[in-house]
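Those protein sequences? They're chains A and B, same order as listed. Mind the numbering: the first sequence is residues 1 to 153 in our numbering, read in order. Mind the numbering: the second sequence is residues 1 to 153 in our numbering, read in order.
Check before you lean on any hint, since a few could be wrong.
Each pair may be met inside one copy or between any two copies, as identical chains are not told apart.
Claimed, not checked - In silico lysine-lysine, DSSO-like type, Cα no more than 27 Å apart, as pairs:
| id | residue 1 | residue 2 |
| --- | --- | --- |
| 1 | K37 | K131 |
| 2 | K74 | K9 |
| 3 | K53 | K37 |
| 4 | K142 | K53 |
| 5 | K26 | K96 |
| 6 | K94 | K142 |
| 7 | K142 | K58 |
Quick caveat, the hints were computed from the structure, so don't treat them as lab data. Keep in mind the model is a prediction, meaning the values are calculated, not measured.
The lines below spell out each chain.
2 protein chains.
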Amino acid sequence: MAKEHKDRKIVLASGVFDLLHLGHVKFLEEAKKTGGKNAELLVIIARDSTVEKTKGRKPIMSENQRRALVESLKVVDKAVLGFEDFDIQDVIAKIKPDVIALGHDQAEMERQVRKYVDEHNLNIRVVRIGKFEDDALDSSSKIRQRIMANFDG
Amino acid sequence: MAKEHKDRKIVLASGVFDLLHLGHVKFLEEAKKTGGKNAELLVIIARDSTVEKTKGRKPIMSENQRRALVESLKVVDKAVLGFEDFDIQDVIAKIKPDVIALGHDQAEMERQVRKYVDEHNLNIRVVRIGKFEDDALDSSSKIRQRIMANFDG
C-alpha cells in the first residue's frame with residue numbers, strides 16, 4: 001500500500017480563492033509540480049465563517065461558489081470546504097498529504113504546519129510557493145481596488 | 001476528412017469573462033454539451049478594445065489574464081483572443097465550428113450569427129444557452145455591486 005501511495009503523491013494546498021485570478025492558478029500549478037509527475041492536487045477552501053473571523057469581512061463569493069470554481073480548474077483534482085475550526089492535525093490525519101504547499105501570504109499557517117510536522121516527526125514536505133509578479137492584477141485586493149477606482153472615475 | 005471532422009465537433013463560444021464566476025463555467029459546460037461526446041470547446045475572448053467600445057469601460061482584468069484564466073478551466077480546450085474588429089465571417093472561416101453557442105446576454109450576436117449562417121446556407125448549429133439562476137453571484141456586474149456595497153458598509 002505504501003508503494004501504491006508513492007506512485008501518486010498527494011499535494012495539499014489551501015486558501016480563500018475569492019475573485020479568482022491568474023495568481024491563484026499559478027500558485028496551484030506550482031504547488032502541484034512539487035508532488036512530481038502524476039501528483040494529485042487537493043485544495044481546501046476556507047469557509048466563509050473562517051474568513052470573516054480572520055479578515056474581519058465576508059468573502060465576495062460564497063464558499064460554495066469558491067469551491068466549485070476552484071474545482072473547475074484543470075490543475076485541481078479535488079476541492080473541499082475546510083473545517084469550521086481549522087485544525088492542521090485533523091487535516092493531516094484525514095488527507096495524509098505527501099506535500100503541503102503554502103502561498104506567499106500564508107506565513108502563519110506555514111509556521112503552524114512546520115511546527116506540527118516537526119513535533120510529530122511526520123514524513124511530509126512543507127513547501128512555500130513564491131509570489132508571481134508578472135501581472136498587475138495578481139491579488140484579490142488589487143482587483144477590488146481596481147473595481148473601486150473604475151467606479152469613481 | 002468530413003468523417004474525421006464529424007468525430008469531434010467543434011463548439012465555439014465567446015465572451016468577456018471578466019471576474020470569472022460559476023455562471024461562466026456553467027455556460028461553457030452547457031455550450032460544450034451541445035457538441036455531444038468528445039466535443040472540443042474553443043472560446044474567443046473579447047479584446048479590451050472591443051469591450052471598451054461596446055460597454056464604455058475597460059474590463060477589470062486584462063485580455064491576457066482573462067484568456068489565460070478561461071483556458072485554465074477543465075471544460076475549455078482552447079481560448080484565444082478575438083479580432084480587434086470582430087467579424088463573424090472571419091471567425092467562421094478560420095475556426096469552421098459545428099456549433100456556435102451564445103449566452104443569455106448575447107442576443108445581438110445571435111441575430112448576426114443566425115443571419116450570416118442562413119444567408120450562406122452553412123451547416124452550423126446556432127444554440128442559445130439559458131441563464132443560471134441558482135446562485136446570487138452569477139454575473140460580473142453583481143460581483144462588482146457586492147464589492148461596492150461591502151466597501152461602503
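Structure-based check of all given hints:
1. K37 to K131: For K37 and K131, the Cα distance is within 27 Å only inside one copy (23 Å; across copies 39 Å).
2. K74 to K9: Both: 17 Å inside a chain and 21 Å across chains, each within 27 Å.
3. K53 to K37: neither (37 Å within a copy, 45 Å between copies)
4. K142 to K53: Both, since 21 Å and 24 Å are each at most 27 Å.
5. K26 to K96: Result: close within a single copy only, 24 Å intra versus 32 Å inter.
6. K94 to K142: Close neither inside one copy (35 Å) nor across copies (37 Å); limit 27 Å.
7. K142 to K58: both (17 Å within a copy, 16 Å between copies)
The structure fails hints 3, 6 (numbered hints given earlier, in ascending order).
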